[in-house]
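Knowing the structure of chain A, use the given hints to seat chains B, C and D with the ligands on it.
Here is what each chain is made of, one letter per residue.
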Amino acid sequence: MSLSGDKKVEMYRSLLLLRKLEEKTVEMTMAGQVPGWLHSYLGQEAVAVGVAAYLRLDDFVASTHRGRGHFLAKGLDPNRLLAEVLGRQDGVCGGKGGEMHMADWNVGVIGSSGIVGGILSTATGVAFACQYRDTDRVVACFFGDAASNQGSFHESLNLASVWRLPILFVCENNGYGEFTRQQDAMRVLDIATRAQAYDIPGVIVDGDDVLAVAGAAAEAVGRARSGEGPTLLECKTHRWSGHYTGDPQDYRSKEELEDCRRADPIPRFRGYLIESGLLTEEAVQKVEAEVVDAVAAAVEFALNSPLPPPETALADVYGVTQ
Amino acid sequence: MSLSGDKKVEMYRSLLLLRKLEEKTVEMTMAGQVPGWLHSYLGQEAVAVGVAAYLRLDDFVASTHRGRGHFLAKGLDPNRLLAEVLGRQDGVCGGKGGEMHMADWNVGVIGSSGIVGGILSTATGVAFACQYRDTDRVVACFFGDAASNQGSFHESLNLASVWRLPILFVCENNGYGEFTRQQDAMRVLDIATRAQAYDIPGVIVDGDDVLAVAGAAAEAVGRARSGEGPTLLECKTHRWSGHYTGDPQDYRSKEELEDCRRADPIPRFRGYLIESGLLTEEAVQKVEAEVVDAVAAAVEFALNSPLPPPETALADVYGVTQ
Amino acid sequence: MKDSRYIRAISEGLAEELDRDGNVLVLGEDVVEGGPFSVTKGLVGRFGTKRIRNTPISESAFMGLALGAAIAGLRPVVEVMFMDFLTVCMDPLVNHAAKMRYMFGGQYSVPLVVLTAAGAGGGAGPHHSQSLEAWFAHIPGLKVIMPSTPYDAKGLLKAAIRDDDPVIYVYHKGLLRQAGQMPEKDFTVPIGVADIKREGTDITIVATGLAVHQALSAAVGLQEAGVSAEVVDPRTISPLDTATIVASVKKTGRLVVAHEAVKGFGIGAEVAAVVAEEALDYLDAPIKRIGLPSTPIPFSPTLEAALLPTADDIGRAAREACGVAVEQ
Amino acid sequence: MKDSRYIRAISEGLAEELDRDGNVLVLGEDVVEGGPFSVTKGLVGRFGTKRIRNTPISESAFMGLALGAAIAGLRPVVEVMFMDFLTVCMDPLVNHAAKMRYMFGGQYSVPLVVLTAAGAGGGAGPHHSQSLEAWFAHIPGLKVIMPSTPYDAKGLLKAAIRDDDPVIYVYHKGLLRQAGQMPEKDFTVPIGVADIKREGTDITIVATGLAVHQALSAAVGLQEAGVSAEVVDPRTISPLDTATIVASVKKTGRLVVAHEAVKGFGIGAEVAAVVAEEALDYLDAPIKRIGLPSTPIPFSPTLEAALLPTADDIGRAAREACGVAVEQ
Ligand SMILES: Cc1ncc(C[n+]2csc(CCOP(=O)(O)OP(=O)(O)O)c2C)c(N)n1
Ligand SMILES: Cc1ncc(C[n+]2csc(CCOP(=O)(O)OP(=O)(O)O)c2C)c(N)n1
Ligand SMILES: [Mg+2]
Ligand SMILES: [Mg+2]
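So the protein lines, in turn, are chains A, B, C and D.
1 is the number of the first residue of the first sequence in my numbering; add one for each residue after it.
1001 is the number of the first residue of the second sequence in my numbering; add one for each residue after it.
2001 is the number of the first residue of the third sequence in my numbering; add one for each residue after it.
3001 is the number of the first residue of the fourth sequence in my numbering; add one for each residue after it.
Just chain A, same shape as in the assembly (with noise of 0.2 Å):
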């Protein structure tokens, strides 16, 4: 199954979106306007676009700390997203979640944690209820490349191996886990070959390459649908910012930041759909202004809505019971 002209048009746009929104909730956050912390999506879009290219509707992704990317690429609405970063009313979880806990099962995103590796497992076991229940729903779960040191790393891979559980492990892999870098906290660079600890086949690609990603997620998706099992996915990419809004970023050289951005997937793809004819120089600024319109429509929506009435802060700790 390869991807149609429209998709690929589709996935630009999806690229172009994250990273619209992405730079406004930056700007919003050194403004004061988010509470707590945010961690930038930017530079990694290609990862969360190219491995949404091959989901339905009814499959699902499950993510991080830096998950807004993976969320809106899946379909979560910008505007209850980013009402959510803002702690507001109408944000997909009520404001209770914030960025870092977000989720919104009717487009199939199970949720993220701010526990590192946290929401592996859990993700495996929406992947055992696909199983189960005998569907070809496949779940993709995202994680960071330090995450990978974590236990919940290994004892979910290994069980949706010995499963076969319809899953793809997503290493988004930036070379860094907060201000240490990969080799300072693992000595193999390929998290891919982790796979062989669990029998499962694992891959690497470039990350900042969403049609790469797009094309090594298919096959994993196939995989998955197919009672194949789980595949670990590595895609090499670049973390543009600190870890958080705010860091410096003294651990890193002048010409790391340059070489990030360097790697800027959107341009690349950009590029490659006005040569292949999939989109002329006028599409292009008609997609641009759309995703412009979504994005200041996002922050109208978030900045409109209200603060979540103090009562709901009592809510919804326990279910009612039968």
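Rather than coming from a laboratory, the hints here were simulated on the basis of the structure.
Quick reminder that beta carbons are idealized off the backbone N, C-alpha and C, glycines included.
Keep in mind that the hints are not guaranteed to be accurate.
What the hints assert, rightly or not - According to the in silico footprint, chain D covers these stretches of chain A (three or more CB under 8 Å from chain D):
(1) 107-121
(2) 170-184
(3) 311-317
What follows is chains B, C and D with the ligands alone, placed relative to chain A:
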């Protein structure tokens, strides 16, 4: 460094001590003299003795619920070991630890754990201390095949690898975790494969061949002593008895159980010693007689040791505040 | 009504719910063979390995897996062999299962049951003997139950499986052979409702798990000394039925709280605190708590016996509270 | 004496102990860069990466590693960035560090300090805001301290590093900029000794961590209403200095206990229970507890603020206990 003839004879004696003391302990367990459960080490003796061959008194071992063999091989006094198994005052932990929780720092026995995978990180920490202090002491940490599915395995090996700690991770692969076969708990059958996830050597050895184990351990100990970091050493062996003494083993066929016994490391090593002229038939009798005596002495010592005074139950929760 | 043992009550409760609802399944280490105490024994014959499933030794992953299955609509029962092992899977339980409904704005239900054996006795040693219910009771979003009789064991298990929140189901190993009566037909025991196991007028003994039976036995001795003890079994630790406890203390004017867990910062503290908050003026004597002293559980049965709370300890505390001469 | 902030008190305490004893070292995620709250900032310049060491994200392994180092004679200080993350390393702490001295018959000392940030405020959300001290206080073998002032922060940290038992050192993020005085010279604050932060005669307020300051602020308002409040800061949660608490209540006859952790099954319950056991006859009013209601901590600052205990809550409870009109 190769093993001297004397050392080999000593290893034979050690194998025999492990075997005979174990047979006696199992007998006492069946007779209701041992509190709690007993996890028999019958059949796996070559692993403990082989690994211990190149360890110095000031090196360390750490172990599991199935740990008495490791401790005896490292030099723990059989009298005090058996007294501990019986929960007596002269037990090596005053009766507080019992079979699953034993330590004797004086002979380099760090300790064991009733929590599967629980000791790996502690052992890694002792190795860290050896390195921090610029010594050439090393740690051998034993664990089972099933324990390699715990997160602590992954995290500990990664940490030991990245800091190049002087430790041998010795996986005693007996093919079972309790009643579950290895292949039902993981898809890799060679645990040594998992070493690749940490870029450390992963070595497989016949765990029923004490000289093979010793040879592999020698190399790993050498690496550790000289600052080259950890090794994952997988010893394929056989668990003769059930998971615990009394386990009817319905889940294993008669043939399998017979095959187990055919792998007996002791006659094999005895044959080698006799063939190579290191041991005469007479000497064999003598060693055997000595071991039988030692076992009888241990039993007498342990049974004569009083139950611990009840007031000690309150002691040693905290240290004396300075 | 029929006779049953506690262990059988659990197996039957599981079997009935597995039968009733195809979404129910049982996961854990060696559950196919029955687990460490045979509570799942025989289930695989009826329900197959799809629904009765052995897991690798990876408590953290299979707990999280069960959570994922639960939010996707299944109703997993996860066995963690010994409560001590919950230390390796606190994160999925506490940061995820407990908070998922709340932090995601009410989107999810988490119908997850964790079945685990607590308690000491018989030389299981420091890693197979702990009673850690207080940890889970302190976490909003979790429910904690500790049945003391076969009736409660079955009724609460079935209620837990049908409940839409994560429930930690703690049974004491020492209760497995406990006998009792229960209905032939389907029944549940409501979560969050205490049970007065014995009525009395002079003193309230709130006891949980194995200690309920110690309290009942102490009550017999107390009766002989002219003291009428009421034994209240909360059954559910969280949410705690404070109304029943407070009402009982208001009636009797005296309170002893007993459990096997370490006394300090144990659930007995909460019971005492609630009473000191809501019924202080009714108290005729200081509140007494019985629990394990501040020690790990030692292996040697002699040492273990020296530490574990007994019926005598409860009886003695009750006599003191009532100002009745204490036997030597 | 000199002025210092709480954050500086911690860094200085670490630096002095690192200086004093070559066995002391600091481990944790990004401790080289200072950790999430800069408490280890600058140490690497003086002590190098051998002694100030970044770890992979593997809390369970590096906690166990620190334990192994401790039994081998080093004195590691391990930073776990947020107390919520302790859920992933309960096993090395609870089953190993806490029990090792005991279960191995007194062979080992475990001079291990766990440094961790607790508490909510500012939208850190459900996974970066919890106060879980009650869990650790319930585990024999562990010590738990919660300093509320720069003086206590430094003195207790130094005492903890010199202590031969595992100590969980909990600081509240909201205290980091707290200012206070302390000696120029080396000093320690003994573990296990409470501090009366304000003397009073009408009511005792036992408060921990950030709540100490809320209690002190409430005490000012109470004074204006004619109520003299004594504020007792246990400083050490376990072992708890019950003597000081009980003596204070015997003097004042009233008790409010306040902390930020969830009220139910929190450490306030233990304080209340001890008083109901040892000073019941001195109580002139029901014991009141202030703490978080039974909820996770939500992200939105509006919601968070609706839940977190305040000085007003403490003041109101104290007035009620004293029968003084409560302000609207
Ligand atoms: C259990 C746990 N430990 C530590 C942290 C603090 N922390 C948050 S993000 C992060 C780094 C994660 O790195 P990686 O997994 O590579 O993801 P990235 O941030 O690069 O996307 C750390 C250490 C945490 N949130 N949870
Ligand atoms: C955390 C934990 N989970 C489960 C158990 C119960 N248990 C004890 S031994 C064992 C099997 C261990 O298998 P393996 O690691 O292969 O060692 P072996 O018994 O074969 O020597 C299990 C599941 C435990 N003690 N601790
Ligand atoms: Mg990263
Ligand atoms: Mg095994």
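Status of the hints after comparison with the structure:
For the segment 107-121 of chain A, the stated coverage by chain D holds: 6 residues have a C-beta nearer than 8 Å to a C-beta of that chain, and at least 3 were required. With a threshold of 8 Å between beta carbons, the proposed coverage of the segment 170-184 of chain A by chain D holds, since 5 of its residues qualify and at least three are required. Here the segment 311-317 of chain A counts 5 residues with a CB under 8 Å from a CB of chain D, which clears the bar of 3, and the coverage holds.
This entry satisfies every hint, going by the numbered hints stated previously.
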